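**Q** Please take these sequences and the hints and turn them into a complete structure.
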Amino acid sequence: IKEDFEIIDKKQLPNATELKNEEKEKSADEGRWSAPILSLAKKASENLALSYGNALKSASLVGFISKPVSNDNPAKTSARYHAMEERANLMNMMKLSIKTLIQSALSLGRTLDSDFPPLQQFFVVLEHCLKHGLKVKKTFIGQNKSFFGPLELVEKLCPEASDIATSVKNLPELKTAVGRGRAWLYLALMQKKLADYLKVLLDHKHLLSEFYEPDALMMEEEGAVIVGLLVGLNVIDANLCLKGEDLDSQVGVIDFSLYLKETHDSDSKQDGGITAVLDQKHYVEELNRHLSCTVADLQNKIDCLEKTNSKLQEELAAATDRIGSLQEEQQQLKQQNELIRERSEKSVEVTKEDTKVELDTYRQSRQGLDEMYSDVWKQLKEEKKIRLELEKELELQVGMKTEMEIAMKLLEKDTHEKQDTLVALRQQLEEVKAINLQMFHKSQNAECSLQEKTEAISSFEGKTNEMMSSMKQMEERLQHAEKARQAAEERCNKMKQELAGRLDICRQQMSQLDSKCSTLEKELKSEKEQRQTLQRELHQEKDATTLLKTELEQMEGLKKELRKLQDEKQQLEKVCEEQEQALQEMGLHLSQSKLKMEDIKEVNKALKGHTWLKDDEATHCKQCEKEFSISRRKHHCRNCGDIFCNTCSSNELALPSYPKPVRVCDTCHTLLLQRCSSNSS
Numbered sequence: 001i002k003e004d005f006e007i008i009d010k011k012q013l014p015n016a017t018e019l020k021n022e023e024k025e026k027s028a029d030e031g032r033w034s035a036p037i038l039s040l041a042k043k044a045s046e047n048l049a050l051s052y053g054n055a056l057k058s059a060s061l062v063g064f065i066s067k068p069v070s071n072d073n074p075a076k077t078s079a080r081y082h083a084m085e086e087r088a089n090l091m092n093m094m095k096l097s098i099k100t101l102i103q104s105a106l107s108l109g110r111t112l113d114s115d116f117p118p119l120q121q122f123f124v125v126l127e128h129c130l131k132h133g134l135k136v137k138k139t140f141i142g143q144n145k146s147f148f149g150p151l152e153l154v155e156k157l158c159p160e161a162s163d164i165a166t167s168v169k170n171l172p173e174l175k176t177a178v179g180r181g182r183a184w185l186y187l188a189l190m191q192k193k194l195a196d197y198l199k200v201l202l203d204h205k206h207l208l209s210e211f212y213e214p215d216a217l218m219m220e221e222e223g224a225v226i227v228g229l230l231v232g233l234n235v236i237d238a239n240l241c242l243k244g245e246d247l248d249s250q251v252g253v254i255d256f257s258l259y260l261k262e263t264h265d266s267d268s269k270q271d272g273g274i275t276a277v278l279d280q281k282h283y284v285e286e287l288n289r290h291l292s293c294t295v296a297d298l299q300n301k302i303d304c305l306e307k308t309n310s311k312l313q314e315e316l317a318a319a320t321d322r323i324g325s326l327q328e329e330q331q332q333l334k335q336q337n338e339l340i341r342e343r344s345e346k347s348v349e350v351t352k353e354d355t356k357v358e359l360d361t362y363r364q365s366r367q368g369l370d371e372m373y374s375d376v377w378k379q380l381k382e383e384k385k386i387r388l389e390l391e392k393e394l395e396l397q398v399g400m401k402t403e404m405e406i407a408m409k410l411l412e413k414d415t416h417e418k419q420d421t422l423v424a425l426r427q428q429l430e431e432v433k434a435i436n437l438q439m440f441h442k443s444q445n446a447e448c449s450l451q452e453k454t455e456a457i458s459s460f461e462g463k464t465n466e467m468m469s470s471m472k473q474m475e476e477r478l479q480h481a482e483k484a485r486q487a488a489e490e491r492c493n494k495m496k497q498e499l500a501g502r503l504d505i506c507r508q509q510m511s512q513l514d515s516k517c518s519t520l521e522k523e524l525k526s527e528k529e530q531r532q533t534l535q536r537e538l539h540q541e542k543d544a545t546t547l548l549k550t551e552l553e554q555m556e557g558l559k560k561e562l563r564k565l566q567d568e569k570q571q572l573e574k575v576c577e578e579q580e581q582a583l584q585e586m587g588l589h590l591s592q593s594k595l596k597m598e599d600i601k602e603v604n605k606a607l608k609g610h611t612w613l614k615d616d617e618a619t620h621c622k623q624c625e626k627e628f629s630i631s632r633r634k635h636h637c638r639n640c641g642d643i644f645c646n647t648c649s650s651n652e653l654a655l656p657s658y659p660k661p662v663r664v665c666d667t668c669h670t671l672l673l674q675r676c677s678s679n680s681s
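According to the UniProt record's numbering, the residues represented by the sequence shown are 1 to 681, in order.
Where hints are given, some of them may not hold.
Said to hold, decoys possible - Okay, derived cross-link-like pairs now, DSS-like style, lysine-lysine, Cα gap no bigger than 25 Å in a straight line:
#, residue 1, residue 2
1, Lys381, Lys418
2, Lys569, Lys559
3, Lys453, Lys463
It is worth saying that the hints were derived from the structure and are not from the lab. Keep in mind the model is a prediction, meaning the values are calculated, not measured.
**A** If you want it as structure tokens, here you go:
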């Protein structure tokens with residue numbers, strides 16, 4: 001049914017004089033308004049009343065005028081006739097809503113809110129007028145039919161409306177074109193420029209033809225009449241709050257109870273009852289039409305909910321995959337942390353042991369070298385002392401010839417022994433050099449150096465013992481020399497002349513001894529240089545120890561990083577727990593949404609209803625497909641209305657439409673039991 005309502009009797013329509021009398025009666029309550037506003041309101045209401053009476057008369061005559069005769073098809077003529085009736089009905093409803101809105105606003109004498117019923121009904125009627133004759137636009141998403149498209153043209157045609165368009169687009173609560181169109185109408189009414197903006201649209205009908213059919217209300221003369229009526233709304237002050245209102249999902253249902261009037265004339269009681277019944281019939285039809293619209297909206301919502309459920313399931317699967325990958329990464333991080341710990345502990349222990357061993361070896365080698373240096377220095381001092389004593393002895397033995405021969409023999413023996421000792425010392429120095437070289441090689445190979453150093457230390461101890469024994473022998477020889485010196489002093493005077501030639505030989509031997517001493521000093525210098533090289537090596541090893549210390553500090557930093565990683569792991573575990581909780585909540589929401597879906601589907605089935613199959617139409621059972629006969633009788637299922645045999649419909653259940661358990665087919669029986677179990681769970 002395309003008609004919103006229909007006027008049947010002229011007696012139900014009020015005259016212009018009655019409207020004027022009603023306005024005069026209500027003018028007593030309007031004393032608190034100022035004089036210019038009262039004059040404007042009265043003029044607007046009188047003009048509306050006159051136009052309302054004339055429009056209602058013309059609309060009432062529409063039912064009695066015969067249909068125009070044309071050569072077109074009867075379908076086209078009926079469509080044009082229905083479109084003309086719809087335009088007339090919408091225009092009359094617009095006049096009624098504007099009249100009641102102005103009268104109620106003047107009686108209240110205050111700014112109107114969005115909760116004011118006449119204002120709500122005015123917007124509903126205006127929305128129906130703007131939707132009349134809209135073209136359906138096909139997009140990738142589906143069919144789109146909204147009146148916000150032509151309203152967007154106002155921004156291009158009238159730059160003053162740009163503020164409304166920007167404010168509507170910036171509202172985050174509006175998600176559909178219908179909600180944006182309603183918000184645009186609210187803002188235009190608050191600016192008192194709704195009539196001006198619609199007049200601009202009507203002046204450019206070539207642009208409106210893209211959105212409206214040629215028989216639409218906005219393309220015919222009725223649109224200009226409605227724009228003229230909207231001028232009277234400039235008297236009203238409206239304060240409409242857009243935040244918090246759900247403009248997207250509001251259902252535009254016209255409430256005819258605001259415009260229906262009760263007739264008290266005794267003569268026309270029967271006519272009034274018939275008209276009331278007819279009005280109620282049309283009202284019920286209108287409600288049915290809007291209920292069908294609501295059912296379609298609910299089906300669209302069900303589809304949206306199914307899509308959201310599928311998306312949520314995909315998100316759940318992705319989240320579970322992410323959780324599994326995070327758990328695997330967590331296990332890998334644990335293994336890496338354990339490996340790093342083990343390696344760091346092993347490296348620290350090895351470095352500590354190496355440093356201890358090297359420090360011990362260096363200390364031992366340094367002590368041995370210091371002892372050898374002190375021993376050699378003592379030997380040099382003793383040899384210098386011996387040299388001085390020998391010089392004194394030679395000066396005393398100048399005059400002693402006979403005894404000097406014996407002394408020379410002894411000296412020759414002593415020189416030979418000293419030469420042997422010098423050779424031994426050189427050999428010892430060479431051995432020291434070899435030992436130093438061995439120490440250099442031993443520093444590279446720590447394990448082999450320990451054994452070699454122990455052997456070198458034992459050899460050094462033996463050599464030191466030999467040096468001590470040689471020193472004791474030298475002391476004994478010195479004692480013998482002192483004794484010989486005493487004997488030589490007695491014979492000195494006799495041997496002076498004979499020993500003059502031999503003194504030169506002795507001086508030459510002394511010069512040779514000096515040269516040998518110089519060589520010994522050079523060897524000592526070389527040993528000092530070797531000692532310096534060893535000290536440098538010690539410094540290098542100290543640097544190595546500092547590097548090891550830095551590595552230990554790095555290991556401590558690695559331990560701190562390990563602690564940080566453990567903290568991050570704990571945070572990740574917390575995040576995983578939160579995600580699991582969120583997933584559980586999402587599962588609960590999904591189950592609730594599924595239950596709501598089933599409830600909505602049941603409501604839709606209840607609204608649509610099942611068809612009761614006639615006995616003549618069924619010849620076979622719907623489930624087992626066996627033919628009915630005298631022995632196999634027909635039975636109706638009280639839930640779906642189909643016809644089954646006795647075996648396929650032997651179950652009984654309590655239905656909401658029946659007080660007692662009734663016969664139900666097997667399929668309905670299983671479905672109803674599943675619903676009951678799901679609702680109970």
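**Q** Does lysine 569 pair with lysine 559 here, judged by a C-alpha cut-off of 25 Å?
**A** With a Cα-Cα distance of about 15 Å, the restraint between lysine 569 and lysine 559 holds, given a limit of 25 Å.
**Q** With a cut-off of 25 Å on the C-alpha distance, tell me whether lysine 453 and lysine 463 pass.
**A** OK: lysine 453 and lysine 463 at ~15 Å, within 25 Å.
**Q** Does the structure keep lysine 381 and lysine 418 at a Cα separation of 25 Å or less?
**A** holds (15 Å)
Every hint, counting from the list given before, is met by this structure.
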